[in-house]
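Start from chain E and add chain D according to the hints.
Residue numbers (our numbering), protein chains in the order written: chain E, 352 to 792; chain D, 92 to 467.
In short, the hints are calculated from the structure, not lab data.
Facing chain E, according to a computed beta carbon distance under 7 Å, are these residues of chain D, among others:
hint, residue
1, Val-236
2, Ala-237
3, Val-376
4, Gln-377
5, Trp-380
6, Val-381
7, Arg-436
8, Phe-459
9, Ser-463
10, Met-464
To spell it out: a stretch of chain D is covered by chain E in this simulated footprint if at least three of its residues, at any positions, have a beta carbon under 8 Å from a beta carbon of chain E; those stretches are:
hint, stretch
11, 278-287
12, 386-398
13, 427-434
The C-beta atom is built at its ideal place from N, Cα and C for all residues, glycine as well.
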Amino acid sequence: MKQFLASFLAVMVLALSAPMTALAQSGPLRIEITEGVVEPLPYAVPNFVAESAGAQELAQQIARVVAEDLTGTGLFREVPREAHISQITSFGSPVQFADWKAINAQALITGAVSQEGGRVVVKFRVWDVFAGTELGQGMQFAGTPEGWRRMAHKVADQVYSRITGESGYFDSRVVFVSESGPKDQRSKRLAVMDYDGANLQYLTGGNALVLAPRFSDDGQRVLYTSYETGLPRVHVLEVGTVQSRILQGQDGVMSFAPRFAPNGQTVVYSLTQGSNTDIWAMDIAGGGTRQLTSAPSIETAPSYSPDGSQIVFESDRSGTQQLYVMSANGGEARRISFGQGRYSTPVWSPRGDMIAFTKQNAGRFHIGVMRTDGSEERLLTASFLDEGPTWAPNGRVIMFARETQGAQGSSSLYTVDISGRNLKRVRTPEGASDPSWGPLQ
Amino acid sequence: MHTGHYISGGAHGLLIVWALFGGMFRSDPPQLEIADVSVISEAEFAAMMRPQVAPPPVEEPEALPQPEIEDAAPEPPVPETQPEPRPEPAEPEAAAPDPVPDPVLPTPEPEISDVAPQPPAPEPVPDVEAPDIALRPIPRPAPRVAPEAVPEPEPDAEVAPEVQETVERSETPDVTDAEEQQATSPEAATTEIVTEAEDPARAPTASMRPQVRPNRPAPEATAAAPEAATPAPEEPAPQAPAPTEDATASAIAGALEEALSGSPSGTVDGPPLTEAETDGFRIAVQDCWVVDVGSQAANVTVTVGFDMDRSGQVVGASLRMLSSEGGTGSAAETAFQAARRAILRCQGDGYNLPPEKFDQWKRVEMTFNPESMRIR
Chain E
352 MKQFLASFLA VMVLALSAPM TALAQSGPLR IEITEGVVEP LPYAVPNFVA ESAGAQELAQ
412 QIARVVAEDL TGTGLFREVP REAHISQITS FGSPVQFADW KAINAQALIT GAVSQEGGRV
472 VVKFRVWDVF AGTELGQGMQ FAGTPEGWRR MAHKVADQVY SRITGESGYF DSRVVFVSES
532 GPKDQRSKRL AVMDYDGANL QYLTGGNALV LAPRFSDDGQ RVLYTSYETG LPRVHVLEVG
592 TVQSRILQGQ DGVMSFAPRF APNGQTVVYS LTQGSNTDIW AMDIAGGGTR QLTSAPSIET
652 APSYSPDGSQ IVFESDRSGT QQLYVMSANG GEARRISFGQ GRYSTPVWSP RGDMIAFTKQ
712 NAGRFHIGVM RTDGSEERLL TASFLDEGPT WAPNGRVIMF ARETQGAQGS SSLYTVDISG
772 RNLKRVRTPE GASDPSWGPL Q
Chain D
92 MHTGHYISGG AHGLLIVWAL FGGMFRSDPP QLEIADVSVI SEAEFAAMMR PQVAPPPVEE
152 PEALPQPEIE DAAPEPPVPE TQPEPRPEPA EPEAAAPDPV PDPVLPTPEP EISDVAPQPP
212 APEPVPDVEA PDIALRPIPR PAPRVAPEAV PEPEPDAEVA PEVQETVERS ETPDVTDAEE
272 QQATSPEAAT TEIVTEAEDP ARAPTASMRP QVRPNRPAPE ATAAAPEAAT PAPEEPAPQA
332 PAPTEDATAS AIAGALEEAL SGSPSGTVDG PPLTEAETDG FRIAVQDCWV VDVGSQAANV
392 TVTVGFDMDR SGQVVGASLR MLSSEGGTGS AAETAFQAAR RAILRCQGDG YNLPPEKFDQ
452 WKRVEMTFNP ESMRIR
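Same shape as in the complex, but just chain E (with noise of 0.2 Å):
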């Protein structure tokens, strides 16, 4: 009776005061979405604007420079111009967002160039053209007509982090091995170069052979193997100077291999008494040894976490090449490696989430990562030779050489995104081989 009552009550008072009135709603319509797409974002770059007489070339390079970044990444695809509704004839104007969402620009930059003498300001704009705001805020980069490349590439960088929310490789170098001649009578010379493969300089002649140069994290020196003094000998090499110096010399002994660690003052690296290969760690400064591997088999291509406190290796203890890591200061390693062929020339990520490394089988040569664990290991890349990862210093990209079959064959830098995409060469000049990938300047 009572609920009768209240029912009652209740439709009376609907009626008289609001006949068409929902019910009350239970709350808000809940959608998980699981399946997305995975294609480049589009965005637009209309040329900067030239803010100075003579800038308008430059204005045009940069922006051209900035494109090929962004799309080279493979994960972004630029709108052509000629799609372009609108256009940016001022640096401050406000941005017609309708016309750049009609041609489904989902990100917008603009930019201005202005020279006056040897100066050069590059300033720039990101915007997010569905929410119609701007990523960010504006930024100007300054320098020298001759560094408008790297300034390309800091505005590059500067976009890349804005939209993904991780840091760009743009303004970025690789130290590699110059190869040049056929494949039995081969001079190899230590180069520097930025990431896209402009700004050649070579960093030793072509006299003695070179091996295996590797970066110190602030991208200052440069770790490589030479056989000037006959035996392979690990130098240290100055960038800036280009001085190089052998950094430990002991007769009738071999060291190869080198890597810094992350704090730039140790060395790790594989030295050979006898028929035993193991690993040392070395300080710079002091000039102090120590071994972290006694084991009678093979261990070699030593590489750090990123924190330092893990070193990746491949020895065949086991029979075979396969990865193990150990602790920084040695001690005993486990394995990580338990798939078929052999594995070799591990380097941990720079995120510190995967480790890259090389793997032969069945006759075929792999670029691929795994976990730091050795889970989900992924092969990328499959061909005659690949070999020698290095990481891009935002994780995301792997660089690496890969050989053509026959005498004629030759060497050259590829690089591939950590999904498996986005395969492609780097431009150099002559062969190439053995990369490290420097840090962001």
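Same frame as chain E, now just chain D:
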């Protein structure tokens, strides 16, 4: 009683008959062996039996004339160009730090002849000559990876979110007057990322096997299986008010509150969104949700809340991140931005939702979970 006698008598009778007529007592003499005999004289016999006398010893025979042998062995005909050992193509030159460094530095200069025979060119890898038994369909090399594979569009078709046919103005006036439009088709898409190492078109993964002869008709259970496996889709039952006292009381209280508050929503009470309507909304958004599978943001599940107006458009200012899980602040922010772009970009002139159920979708909480995307 005399069965044994009868049998014995019969058997003896048979034996006697066989002995009489079977040839046992035939009188034919057996065939004799015949040998040829020749008559010789006594002198001949004596000569035969006389011991043999060895012939007188002969002097050591002279050595057979041997062909003269020159000291120097004849050389095989020298080819004009000495073939050099073929370089081993399988052993690549180790450029990276090698596990076993060779202590060689003075590398001998190899002689290279101008006319050295070239090693045979490696045979090109046949594309897909051999029969290939693939365990999974070969994905097309489309740049876009989406939940559903979409074939390559027609060459003349423009890539657009909505598929439409070509409409051209015809010579003869038609009854239905349609505007001219260009054919469009969705962008080509594959369903997974295929790395170079996984490229399945290199070589056959297994040899072709002869087909097995069907020996037994298919079980009849398959006919009944779909019925059992996929129950008939049922419309979600409208939310019937629970017949409990509490539910009734709360519903009445809510109705009273809304009625007394005087907010004229202007909509009629309607059923909740059907599954098809919800799916349409979800698919519309997921087609625009771009996941960067290699990024840290791909580890983050983010829930976004937003309001919508009656035309199905999102109230931009209402977009907010309600929660995130699985990543740092920066990665979560990136995941939120990607989700926000997806919601805004695919709305067009408004999402296709029934206006009469506006109250059901005026507030939305959308969770973007990229877990299944990461594995690809």
